[in-house]
Amino acid sequence: MKIVSFALNGKKVSCEVQDRELLLHALRERFSIKSVKEGCGIGECGTCTVLIDNEPHYSCLTLASKVDGHDVKTVEYLGDAGLLHPLQKAFIEAGAVQCGYCTPGMLLSAYSLLMKNENPSDSEIREAISGNLCRCTGYIQIVEAIRDAAGLCKCKP
Amino acid sequence: MLPDFASVSPETKADALAYLASLDDVRVIAGGTDLLVNMKRGELCSNVVDIMNIEELRLLSGDGTDIAIGPAITHAAISAAAMLNDLAGSLSAACGWIGSPQIRNMGTIGGNLANASPAADLIPPLLIHDTVLKIESQEGKREERLDDFIVAPYETSLKPHELLTWVCIKGLPGYREGYRRIARRAAWAISRLSVAWAVREDGDRFVDVKLAIGSCTPMPFRPRNVEKFLGGRKKDDHTIGEAAALVVEEIRRITGDRPSFAYKLPVVKGLVQKALRG
Ligand SMILES: Cc1cc2nc3c(=O)[nH]c(=O)nc-3n(C[C@H](O)[C@H](O)[C@H](O)COP(=O)(O)OP(=O)(O)OC[C@H]3O[C@@H](n4cnc5c(N)ncnc54)[C@H](O)[C@@H]3O)c2cc1C
Ligand code: FES
Ligand code: FES
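First to last, the sequence lines map onto chains H and X.
Heads up: the first sequence runs through residues 5 to 161, numbered per our numbering.
Heads up: the second sequence runs through residues 415 to 692, numbered per our numbering.
If you are wondering where the hints come from, they were derived from the structure by calculation, not from laboratory data.
Honestly, I wouldn't trust all of these hints.
BS3-like cross-link-like pairs, simulated, lysine-lysine; straight-line CA separation at most 30 Å [said to hold, decoys possible]: (1) H:K38 to X:K454; (2) X:K584 to X:K648; (3) H:K41 to H:K6; (4) X:K573 to H:K6; (5) X:K678 to X:K642; (6) X:K573 to X:K555; (7) X:K555 to X:K584; (8) H:K6 to X:K427; (9) H:K38 to H:K15; (10) X:K649 to X:K555; (11) X:K548 to X:K427; (12) X:K649 to H:K41; (13) X:K454 to H:K6; (14) X:K649 to X:K584; (15) X:K584 to X:K688.
Coverage of chain H stretches by chain X, computed from C-beta distances (three or more under 8 Å per stretch; other residues unrestricted) [as the list claims (entries may be wrong)]: (16) 41 to 47; (17) 75 to 86; (18) 91 to 104; (19) 143 to 151.
Here are a few chain X residues that sit away from chain H, every Cβ distance over 12 Å (derived from the structure) [said to hold, decoys possible]: (20) E470; (21) T479; (22) R559; (23) P567; (24) Y568; (25) T570; (26) R594; (27) E615; (28) G617; (29) K642; (30) K648; (31) T653.
For every residue, glycine included, the Cβ atom is placed at its ideal position computed from N, Cα and C.
Please model the complete structure; the sequences and the hints are all you need to start from.
Listed below in structure tokens is the structure:
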């Protein structure tokens, strides 16, 4: 076992994890963050995406011990049902959420892009979400939502 | 769920080498994008040494044409490095194609080399940059050319207690470089075919051409006979057509005939022609 200390959605946290424990399981089981999901478990679907130091990573292939001293963000950082982030609102308004399974990961990849690039082109948006699969929407509404949110949101770190 | 193992995360190279020397059944982990997938599929080991906290394995340094790349540098960091864009454009391009943004933020150049997949995207560009690898263990240091480092598909000359410590390349100023891969889909797909090139031209003549082909043969390779053939020749359709045909012949010579070649060889031919035309 190891103690890892890191920033989780802006708050300092510490916990004991197994050496072989994946960040995905630590977040779900030790912190009850269920927005981070296990789809494929091998880096092919993106539903386990989290931001580490503001860049998207697959938590299904990240050992929990690796985030010691780093900053981790999940979709809870953006907002919740009571107070949605403009990017989340844009997803709802554009019809970019159907079953919702891909949505937390998709939002994080989009948020990371908008932190670096306030006015991305459609191809930059597509590239940024190319590591997140959506089986429902066909992506058009998702790209639209990100484009709509780009002007509105202050996504600075 | 991963099989059980113990892990350590040293902060210096010396500590990592000491762990590698003393721990049994030990593996290095960098980004984990190959190793953890293999472990989920059943590969076992008792100990893991995580090298991502070691600053000195993440350095990039260069003076003109001699460039040293730390093995724990991620694909995302390589494709963003201006020096590599200028002096090793095919490597930057290949790093930009790998996997997905998440994989590029996690995976490293050292992991791509040590995993030694026949389809590894960084190997063809590194071959044309005459890459030499620096390898260390507690017993000492050695250097090896990339051509010799990969001994078979998924097999390198690395011993369990050894660490890849530098990837040393020759920058190619004044060359037109590129990397193209054909894969089933753009993101994620593992390359089924790839070509890296660096071409120096003078008016309508090829001065010097370097080519490497990936995913066609058990290990990516440079068709040196074709490079030699092109040096000094007039750049026209005839030369380019002949060179592409020679590449295909070379692939056949190395591998013999394969069912997939009915598709692959015409595509390689097309890619090589495009690369040479510019
Ligand atoms: C979804 C997905 C998509 C992918 N797409 C591509 C792609 O498009 N193109 C491509 O080429 N690859 C692809 N890969 C494979 C992989 O991401 C790359 O090969 C990557 O570069 C591996 O680096 P890593 O740091 O993650 O390696 P790890 O998994 O950490 O290590 C891989 C191997 O290298 C050894 N190793 C690592 N560093 C060192 C070192 N410094 N010294 C000694 N041994 C070392 C490890 O022990 C292990 O055996 C993909 C993988 C996934 C999961
Ligand atoms: S669970 Fe599919 S990429 Fe991690
Ligand atoms: S909304 Fe269902 S997978 Fe994207």
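A quick look at each hint next to the structure:
1. H:K38 to X:K454: OK: K38 (chain H) and K454 (chain X) at ~22 Å, within 30 Å.
2. X:K584 to X:K648: Within the cut-off at roughly 26 Å; holds.
3. H:K41 to H:K6: 23 Å, holds
4. X:K573 to H:K6: 28 Å, holds
5. X:K678 to X:K642: 24 Å, holds
6. X:K573 to X:K555: 12 Å, holds
7. X:K555 to X:K584: 20 Å, holds
8. H:K6 to X:K427: Holds, at about 21 Å.
9. H:K38 to H:K15: Holds, at about 18 Å.
10. X:K649 to X:K555: Roughly 44 Å separates the two Cα atoms, so the pair is violated.
11. X:K548 to X:K427: Judged against 30 Å, a Cα distance of about 13 Å means the pair holds.
12. X:K649 to H:K41: 54 Å, violated
13. X:K454 to H:K6: 21 Å, holds
14. X:K649 to X:K584: The given pair, whose Cα atoms are some 25 Å apart, holds under the 30 Å limit.
15. X:K584 to X:K688: 24 Å, holds
16. 41 to 47: holds (count 3)
17. 75 to 86: With 0 residues closer than 8 Å to chain X, the stretch 75 to 86 of chain H misses the three-residue bar; violated.
18. 91 to 104: violated (count 0)
19. 143 to 151: Answer violated; 0 residues pass the 8 Å Cβ test.
20. E470: The assertion about E470 (chain X) holds, with a minimum of 18 Å to chain H.
21. T479: Given that every Cβ of chain H is farther than 12 Å from that of T479 (chain X), nearest at about 31 Å, it holds.
22. R559: Holds: least Cβ distance 31 Å, greater than 12 Å.
23. P567: 20 Å, holds
24. Y568: 17 Å, holds
25. T570: 22 Å, holds
26. R594: 17 Å, holds
27. E615: 30 Å, holds
28. G617: 35 Å, holds
29. K642: 38 Å, holds
30. K648: 38 Å, holds
31. T653: T653 (chain X) clear of chain H: closest Cβ-Cβ about 35 Å, beyond 12 Å.
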